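Student: In order, the protein sequences belong to chains E, D and V. The first sequence lines up with residues 392 to 1054 when you count with my numbering. The second sequence lines up with residues 392 to 1054 when you count with my numbering. The third sequence lines up with residues 392 to 1054 when you count with my numbering.
Please note that a few of the clues may not be correct.
Unchecked claim - To give an idea of the chain D side of the interface with chain V (calculated C-beta under 8 Å), a few residues:
#1 D411
#2 F573
#3 W574
#4 Q576
#5 F581
#6 T592
#7 D593
#8 L779
#9 G780
#10 S802
#11 H804
#12 P805
#13 L890
#14 Q905
#15 L1019
#16 V1048
No wet-lab data here; the hints were simulated from the structure. Here the structure is a predicted model, which means the values were calculated and not measured. The beta carbon of each residue, even a glycine, is placed where N, CA and C say it ideally should be.
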Amino acid sequence: PRIGVCYFPEHWPRERWKTDVDQMVDAGIDVVRMGEFSWGRIEPERGAFDFEWLDTAVSLFDDAGIDVVLCTPTATPPKWLIDDHPEILQAEPDGTAREFGSRRHYCFNSPVYREETERIVRAMAERYADADAVVGWQTDNEYGCHDTIRCYCSDCATAFREWCREEYGTVDELNEAWGTAFWSQQHASFAELDPPGHTVTDHHPSRRLAYARFASESVADYNRFQTELLRESNDEWFVTHNFMGHFETLDAFEVGEDLDFATWDSYPTGFAQFREPSAVTDNRLRAGDPDQVSFNHDLYRGPAGFWVMEQQPGDVNWPPRCPQPGEGAMRLWAHQAVAHGANVVSYFRWRRCRQGQEQYHAGLRKHDGSADRGYDDAARAAGEFDALGDLDPVDPDVAVCVSYDDLWALSDHPHAPEFEYLRLVDSFYRALRARGHQVDVVEPDADLDGYAAVVAPTLHLADESLAARFEAYAAGGGHLLVGPRTGYKLPDNRIQPDLAPGPFADLVGGHVDQHETLPESLPTRLTYRGDEYDFRTWAEWLTPDAARATGEYTAGAAAGRPAVLERSVDAGSVAYCGVWPSEELADALVTDVLDRAGVSSTDRLPETVRVARRDGRVWVLNFGSGPLTVDVPADATWYVGGASIPGYGVGVVDADVSDISIQ
Amino acid sequence: PRIGVCYFPEHWPRERWKTDVDQMVDAGIDVVRMGEFSWGRIEPERGAFDFEWLDTAVSLFDDAGIDVVLCTPTATPPKWLIDDHPEILQAEPDGTAREFGSRRHYCFNSPVYREETERIVRAMAERYADADAVVGWQTDNEYGCHDTIRCYCSDCATAFREWCREEYGTVDELNEAWGTAFWSQQHASFAELDPPGHTVTDHHPSRRLAYARFASESVADYNRFQTELLRESNDEWFVTHNFMGHFETLDAFEVGEDLDFATWDSYPTGFAQFREPSAVTDNRLRAGDPDQVSFNHDLYRGPAGFWVMEQQPGDVNWPPRCPQPGEGAMRLWAHQAVAHGANVVSYFRWRRCRQGQEQYHAGLRKHDGSADRGYDDAARAAGEFDALGDLDPVDPDVAVCVSYDDLWALSDHPHAPEFEYLRLVDSFYRALRARGHQVDVVEPDADLDGYAAVVAPTLHLADESLAARFEAYAAGGGHLLVGPRTGYKLPDNRIQPDLAPGPFADLVGGHVDQHETLPESLPTRLTYRGDEYDFRTWAEWLTPDAARATGEYTAGAAAGRPAVLERSVDAGSVAYCGVWPSEELADALVTDVLDRAGVSSTDRLPETVRVARRDGRVWVLNFGSGPLTVDVPADATWYVGGASIPGYGVGVVDADVSDISIQ
Amino acid sequence: PRIGVCYFPEHWPRERWKTDVDQMVDAGIDVVRMGEFSWGRIEPERGAFDFEWLDTAVSLFDDAGIDVVLCTPTATPPKWLIDDHPEILQAEPDGTAREFGSRRHYCFNSPVYREETERIVRAMAERYADADAVVGWQTDNEYGCHDTIRCYCSDCATAFREWCREEYGTVDELNEAWGTAFWSQQHASFAELDPPGHTVTDHHPSRRLAYARFASESVADYNRFQTELLRESNDEWFVTHNFMGHFETLDAFEVGEDLDFATWDSYPTGFAQFREPSAVTDNRLRAGDPDQVSFNHDLYRGPAGFWVMEQQPGDVNWPPRCPQPGEGAMRLWAHQAVAHGANVVSYFRWRRCRQGQEQYHAGLRKHDGSADRGYDDAARAAGEFDALGDLDPVDPDVAVCVSYDDLWALSDHPHAPEFEYLRLVDSFYRALRARGHQVDVVEPDADLDGYAAVVAPTLHLADESLAARFEAYAAGGGHLLVGPRTGYKLPDNRIQPDLAPGPFADLVGGHVDQHETLPESLPTRLTYRGDEYDFRTWAEWLTPDAARATGEYTAGAAAGRPAVLERSVDAGSVAYCGVWPSEELADALVTDVLDRAGVSSTDRLPETVRVARRDGRVWVLNFGSGPLTVDVPADATWYVGGASIPGYGVGVVDADVSDISIQ
Ligand SMILES: [Mg+2]
Ligand SMILES: [Mg+2]
Ligand SMILES: [Mg+2]
Ligand SMILES: [Zn+2]
Ligand SMILES: [Zn+2]
Ligand SMILES: [Zn+2]
């Protein structure tokens, strides 16, 4: 694994650049990213390109042996371009333009912007096609940041109509698939279809889901256009994009198909603040919530691994408040990423910025050039990564299924304000990580063959073919744990003709008699295999058929009714959980499915301790302020650290997860 | 009383319809409502009417002996119509269009939409003028749902100017009545008058009240237009409309004048969630708040009774959360409605819907056609209603005065965010219901002669002629209880020339020296007839004249000043309460006024138990999960149930309210 | 000092006016303000002026010996004028017009409105140029009320471009000063500059600060235009404006330069409600928060003193809730103003208004003409003021520095939602007042020579010349206390090239190593001179150089690092506090700096008791409901009241602050 950094030469005097590069070399930095917001510097007026400054910067890195990743600067079209073509701007549902003055002010479906994109991307790609230091490209920057995946402009209206025509062929087909007879929402022609604008109450859920898919695919299409332009100039370059954490409106699986590998931007202490107050603990404010971060590592990891393209370097500027990270946390995060399969961890940014919207964001160096708190952490991690050398990919026994379509469908009809799809996934994912398991995050239609167990927090939108895949998996000896709201709807967001779980009813061995959402004031209790547990938010009253009930409600209107079902399926098994489980219940459910799968779990780890296995080594990661003591087999070797791990520290040891114990 | 159901044949395959009708017959259903959102199905393109499907459905019901209520489908003009005439759309105060994509996207003042309305209503009315099964019509559906009474489009601007001209004659008269000298808000001509658009602070309260009246009258006028069209085709049809619960922006009394009787849509567990958290009890989440529901029964009941056009059939889709109702609650609600005078209770809907915005809303049957939880409840109620036979109207001794004008005036100047008119009414209404009284909800200018006592929670807007009516009522032996903020303003929302209660000062026998609104942190205590009570939000410092003070503040800046006045008026009496009373104080006040009126009250009932008398029978309604035991005279007959009433159960007995006691 | 009142003859029948004037005379009222919203009455249609009514009113006051202050009526242009020129209206960032229907619906940069202003102001000024009773003018009314300083219309766009050209000369200079290379925000010409419209995330902070300055200067320029018009007609008139309390978007220092003196509008119990709930005590709801009010007295006081142009007369209509003030509070506030240097205290308004948006606002008389609660208070104060006679100005030993530019810069980048500039100032100001000090509120570049000590809660935007002024002050024997976030940024809102406090580093004798913002859940503790204290929100990790650390963090990530620095500077001293201090810490810091300056402090006063010295007399002001006992030297004379001061009462005694003690 290697260490990188993000650098903005255009923000600093040219005479300083050499010093910066020298300091990067001193820290052991191997990779630098540049250029993602530089359009205004490269092309100050139409057609008047100025690449000399960037040539100079690239050549300084070339001299220093540092790899360069360049970015297409399309996230920030300059003012002159917007003034030439204001129709490029995105629009709100009520038609208000999203104006110039921040960033991401262009529509992915603008034909004019496609032309402008082609101009700037070709100019940059051709300029650096033969530059040895330039090893690859990042397209644009953080697609969709500030809620910009979904645009409602007239270019989008045109594109949406075309998208619907391609999706459905005839408008009658669309009317049938959506069920537009409801509230006289029939469309007589594709030309009648509009983006979902300002209405007095909810839009039709099928139209909303279609628009969510359309918008996400529009971005994927725009990104594909950029990747093709870049590869035309040099087909040895890798092309990637930097995704965001817990981002909901863009299907990262789909965009990922056009990339060599994915990268993402990781800000642990910022993310940790966007939770309910009781979850914002002191330790999470100082070192992040490990599972919140690792979920994204696992989500964006592909066959070729992944990068953290932007790693938090110290305090940041954008969360509600900005405490200083714990001492050493910047090194801890780098190790955490590598333990989950990262090949490069690239800090954002080299220096604190003196101007613009990101003032108050730390770098590895302060704005006066002196070392910031993260600099030593980064240098230390760089040395340790050199010593670890190249590592094999991670190799999980268990997969968690995630579907953006399910996320969008449930976001539109959550049935309780607190029913958030990614929080439901989190409940199962966290339980697995607390038991020491590496996890692959996969789409429901992924190849599940290699996994001993599969956890599907929900499989909300479903058809017969999806159910058949899971049936085959279980029949082939796989062990399944499936969560609530599964099989409720057809892929077009219309309720199944049969009772839930619809096409999964045979596999699950039962069906849903009723469901309810419950405020906190109502009792939410059940027994599972004889023990009492709590659950939250959602309850299904189940009727078993081939399955047996392993859980039963003990309170409320549901008292006495089954809540959890389980059955054997040939060599495999399936458990169906009709509620959103509490932490304790999720732990019991995932432990049981892994037991059935023959995979052993660790003792349940405290929330500030996580272990992760990669390439025969185990990372012991301490997200707490107090020290840990780790017992390992006598012959185990510590590659990094040792048996005593300080607060916010890390150790790497050649042992198996099941052979170590932690106090 | 009879049982009905709402049905959407256009959502289901035609081959299923006969089965549905058969199941309705099995359940004892007498009435079906259809068609309220069917414009897109009836007229898929302009002028191309397709009634064949509806003919078939009507004829199936005719064969089954089920009465049909048809609806004009004007709540959902189809997309082709909006594309032809986008000027039909409503507009927000800032001019943003309220677009197609949900429902209620038309302006009541659009001349174009009047033409379109005439086209579709005539087509439907003429089609079914001779259909025996069609017994009446519902106009449109839930006027104003999703806050659509008040539109701010240019058609409304034109109509508002005309309304003002008719209301005031000359613009000088308007300027004087409103007091536009304040902040230079004089109008030089009616042409200068606009809807209240986007301003940096409050609009003039008289202009706001005028717009509220104008908007409500616009809807009444539009509804009248529909009723006339329908009656032109068949003058034996009844015409009704389905109002909503606790709905604030439409004057239901005024619309009601053009209907044969009113109906409304009752969702007890949904309504119960829109209260302060402490009021959202477990029992209310399972069976609703009985007084919240009964108030609407009493509000919409007229000389010809009323219907519940949409009765909650199980769990619903639109409140914050959707717990399952308690076992039996769907039957309980049907009985509650009948006890308050309903002639038909019609469940919404027959089957759970597979598509569109109301997915997740229960029906009497599930979406796969099997029985949903409400089906047996409905069938049981149907049988019991058949056994009860036709019932006389309810006949209350006491009336509560409610005025939409007062509501609108106080909503605009609440003087404390928690001062909500309907909550103030609720405080008095609830006290009456807890003492076993049937209540008529009437306008302040209604004929009060028949009532032993009248409770006016406030008579905020007032003139001399209104005061004279109440003086005559008391002088004639009536007993009045009048609440705070009475007589503050003239009907045009300008302060009275004299101190409050203005024209009521003589009747009340005193005046208001000062008023204040109080946050929860300040003390709110008084004594009334020697006992201590709490109050909330609003306090008037009263000065008695002919009256004597029966209540006095004991804390805060008001300590020692009178808070409640009382005086005899010839054969009658009047009590004036200068505060928003606590539950205990409201109980004392209403008990006292009824005592003076010679009407006996029951013991104070727990909040989960209510009794209601109709046609010589008493309904004992249990809104709690635990059982009740009812003591009745030895010779009393139980028509429904018996002395032991289970949780969410009901009994009907031929006794007087004062003869029964409940444990 | 004198007593005044605000009067609206246009709201009342002409036959009443004489009675009103007689009652004013009875109360001892010396000054009346009129006309500020009267355009619609003066000019009911274009060019048709009607001054006869105002002539009559002025002449009635002339006869009664009451001075008249007239107002230009420009805050409320009439509807006919807006219909003639809708381009006068302000606009929201997204372009939505701020429409007619309330007030303040004109743009300060509208050339058309300048012409209209000139027309009406000239007409009024010429009409009354020779009226003896008219002693001066108030321009407009409460500039910026309802958030109207910043407009985003096309006239403002034009004016902003011109402002930028004048400020920066060339667009390259602007690009450099702002740092527009960030996110490609370079401007190629001034014509490209727009007001900050609707964007998907933050605008550039330098552009935002520029717009804040531009908007404030636009108002100052508009006000200057009015003052010049008025002085052209009669150069003996004084010209003033009535500012608002704790108002953030207008630089009152700058506007003040064009006025003879400032006035402001004081509503103590209203202001007190806009605080965190724990600060909204019963006493503050009844008598206001004394320091919140006095800060504004001190802010608006200039060499010629100040007036309270609108003094709360009783209950008001606009805060969340409106309790009645404590008995006597209306007199207490008048004395408080005079103790802080007021020459006139003018109550708003004479009578409760029967129409328009301010119904429910008390006057000195009720709407029926009888005495309201404040009438006797006002009359009593008037008598006491006559007895006190003319008073010398207040003469503080200590100044607090306040900068609107700092306020705007920090509002845009607070770095924690609770970091509010004026609350930070309040923390230091309150500590000084609790120790009996009179305080001047001055701009950072004011002449500091006369002050023994200066407290700068922050000096956020800074350059070398500002630092040099403070260095000279300390070198000359001055004693400084400087708060956090000082010297972070250059005046154009770009981070300093050096570490904070940038140009102040030499004076302070150290620099900021790191900073952090802290949620309430994280520990915020430090020791200062051996005692433990709490702080809030903001922490700087300091590195001393020439200074010594007098405070050190004892918890959190900062534990062990310096938090407060202090050093001697020739004859003077400087203390630098890197945190937002708790009340106790602020008390310790201000007490210490005043000790060093040789100024003695009183015992720390309870929050409901304040003392203030003016012209040899001390006002003892009781903002609590309970009585106080005051010990004074035996020979001291009580001018008002005596040693026993009742709740909400006041005493004035000829003693020194240090000679009295209060129980
Ligand atoms: Mg390396
Ligand atoms: Mg029947
Ligand atoms: Mg005087
Ligand atoms: Zn678009
Ligand atoms: Zn309209
Ligand atoms: Zn403007």
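Student: Which numbered hints does this structure break?
Tutor: 1, 5, 8, 9, 10, 12, 15, 16
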